[in-house]
Amino acid sequence: MMAKLHADHYADSMHQIDTPLKRNDQIGEGTFLIRVAAEPLARTLVPGQFVMIRLSGTNAPLIGRALAVYDVISDESGVPKWIDLVYLKKGTFTTALAESPLDTHVTLWGPLGNGFANRACDRLIMVAGGIGQTPMLLLGREALGTQNFGDEDRANGWSPVVEFIYGARRASLLAGVSDFEQAGFRVTLCTDDGSQGQQRLVPDILCERLEELKDSGESIRVVTCGPEIMMEKVAEACQATGVDCQVSMETPMACGIGICFSCVAQVRQDGPEEWDYKRTCVEGPIFDADQICW
Amino acid sequence: MDLSVTLGRLQLKNPIMVASGTFGYAREMEGIVDVSRLGAVLPKTITAEPRVGNAPWRTVETSAGLLNAIGLDNDGVDAFLEHHLPYLKEVGTSIVVSVAGRTEDDFVKLAERVGSQDGVAAVELNLSCPNVSGGIDFGTNAESCRKVVAATRDRTDVPILAKLTPNVTRIADIAQGAADGGADAVCLINTVLGIAIDWRRRKPMLGNGMGGLSGPAIKPIALRCVYQVATAVDIPIIGIGGIADIDDVMEFLVAGASAVQIGTANYYDPTVSTRLVDQLPAALGEIDSDSVSAFIGTLNR
Ligand SMILES: Cc1cc2nc3c(=O)[nH]c(=O)nc-3n(C[C@H](O)[C@H](O)[C@H](O)COP(=O)(O)OP(=O)(O)OC[C@H]3O[C@@H](n4cnc5c(N)ncnc54)[C@H](O)[C@@H]3O)c2cc1C
Ligand SMILES: Cc1cc2nc3c(=O)[nH]c(=O)nc-3n(C[C@H](O)[C@H](O)[C@H](O)COP(=O)(O)O)c2cc1C
Ligand code: FES
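Heads up: the sequence lines are chains D and U, in that order. Going left to right, the first sequence walks through residues 343 to 636 as the numbering used here numbers them. Going left to right, the second sequence walks through residues 77 to 377 as the numbering used here numbers them.
A hint or two may mislead.
[What the hints assert, rightly or not] Counterexamples of contact, computed for chain D against chain U with all Cβ distances above 12 Å: (1) Ala402; (2) Ala459; (3) Arg461; (4) Asp464; (5) Gly600.
[As the list claims (entries may be wrong)] Listed next, the stretches of chain D that the computed footprint assigns to chain U, with coverage defined by at least 3 CB atoms under 8 Å from CB atoms of chain U: (6) 348-354; (7) 403-412; (8) 586-597.
[As the list claims (entries may be wrong)] No farther apart than 27 Å at their CA atoms in a straight line, the calculated lysine-lysine pairs in the DSS-like style are these: (9) D:Lys364 <-> D:Lys431; (10) U:Lys165 <-> D:Lys431; (11) U:Lys279 <-> D:Lys432; (12) U:Lys89 <-> U:Lys165; (13) D:Lys423 <-> D:Lys364; (14) D:Lys364 <-> D:Lys432.
The hints are simulated quantities; they were obtained by calculation from the structure and are not laboratory data. By construction, the Cβ of each residue, glycine as well, lies at the ideal position given by its N, Cα and C atoms.
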């Protein structure tokens, strides 16, 4: 029935830590950034990986939530020590977290999942919608070669140009824009109501860029994270133009480590009509866009 | 300190097991806990044929609990024997394989096939999965429970454990059926049938509609089942349901469970299982006991 039974990305270098919140700052409408000391994770993680997090010592809520790693902060001697996570206040966990004072303990485990590929290209275009900007900061920095992750021999500086197309419903929901600008990405913003940037949808902007670049001879890679409908449109645009595209799936997770089988997505198997449910936490969350049955 | 326990013909180095469906196929946990330190490992339930499982959403959180309808997503017994068992055999502790079928014959064939493999310490009959429609529910009728256990026992040499559902009027009756059929132990409990509804969309939250509730929310129900069966039936018990810390473990043991299985806690506290093994001697020390066996079922009634 299927070629491969074991997943590719078990949590083999996972650490579970209990650590106090060192920052919990609002950085946009309903959007917050937390910082925690998490050295063992910070040293090994790669862009696109995530952590599972919950409030320590309480069962409300019970189950951990997946959050992409937004930033890794090093101490003066350059040792990665802290990680930053950015979350949108939405339901049970994120509301409780937003109301948690500094030094509240959280339990987190990671790094988890596969992370983005670091295949070399002439231009990396990162496309994000809603809260989907969170995994992009580290990826863009690695692509430009301004920050290293994981093993020493992991490729770095694999794309000379990084573009970032980022949209939200309105201006106040665009969070972390200055981080992306400072990182040296070419930032294009858009909002549904035109309150900042262009009043267009991110997939439309991407289509236009791909059209403009069509005869440039450049090798282009696209990565995307955000609402599934947006990612599907981005994937379609890339497929139509033959551009390499990776998506970060955000299916609901209960463990993040491959043991509950709740995070499944329909992933294409050998034949065109064939698919199987795959665990996105240990097979993803990053997939080549043409693997997903949208 | 003697942590070993005996359940019928099954001997374990300690009473901390992990529950089927909550520990993957153990390979997932290799980098997270030292699996060899557990009393036993139960991989996810296998069926004769591969099953894709239910459509998402497959889990939804409720107050101190988790509702799931995974639908026995598994690659089938052939794939299990070829790909998972070789790994499991090497993890360094007892492997109890959980099987499920629709008919008595399914159970017998699966148990026979799995039970004859090298490295399988026991077979657990999942007589209780609420997420698979069709077939007879062996876990709700004492006589069909007795029959399926007896039939599998006849055809296998390894110990047989019967995992029961709490979704019955009198759990002790069903456990008696399992005992009469010759089960080495009963495992109490599988999940409690429930539902979560999104009233705005006027739809159940789970893709499957109803699901099974697990986690701390069901602990008192599980403990009650252990208590009732320990009082009424002469058979070793494995306690399961909401166990998350060492106090929970001790409560199940004193109520009459000879071992426990850790389930949902593995999801939200991945290192919990071996931590409980570490904490067990100190807990026994607190009551001046130096043996798990001596503590089992010593509840003052
Ligand atoms: C790999 C990955 C990375 C992620 N990264 C980030 C990130 O960087 N930042 C971020 O903010 N979020 C991220 N998420 C999403 C995050 O994990 C949470 O889902 C999100 O924060 C909401 O959690 P909550 O407890 O606040 O909301 P919840 O209380 O869980 O609910 C959120 C919404 O979903 C609905 N819902 C919940 N459960 C179900 C269900 N079973 N069926 C139907 N509807 C349901 C609720 O009704 C509610 O409207 C990521 C998810 C994944 C898988
Ligand atoms: C997501 C999930 C999947 C499960 N899958 C199985 C399974 O395949 N076979 C089985 O016998 N029990 C399965 N169970 C039930 C558990 O083994 C256990 O009996 C139950 O969850 C109660 O224990 P807990 O509260 O500690 O989780 C599953 C439970 C959950 C939450
Ligand atoms: S979240 Fe549990 S298997 Fe992926």
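field: Unsatisfied constraints (hint numbers, rising)
entry: Hints 1, 5, 10 contradicted; others consistent.
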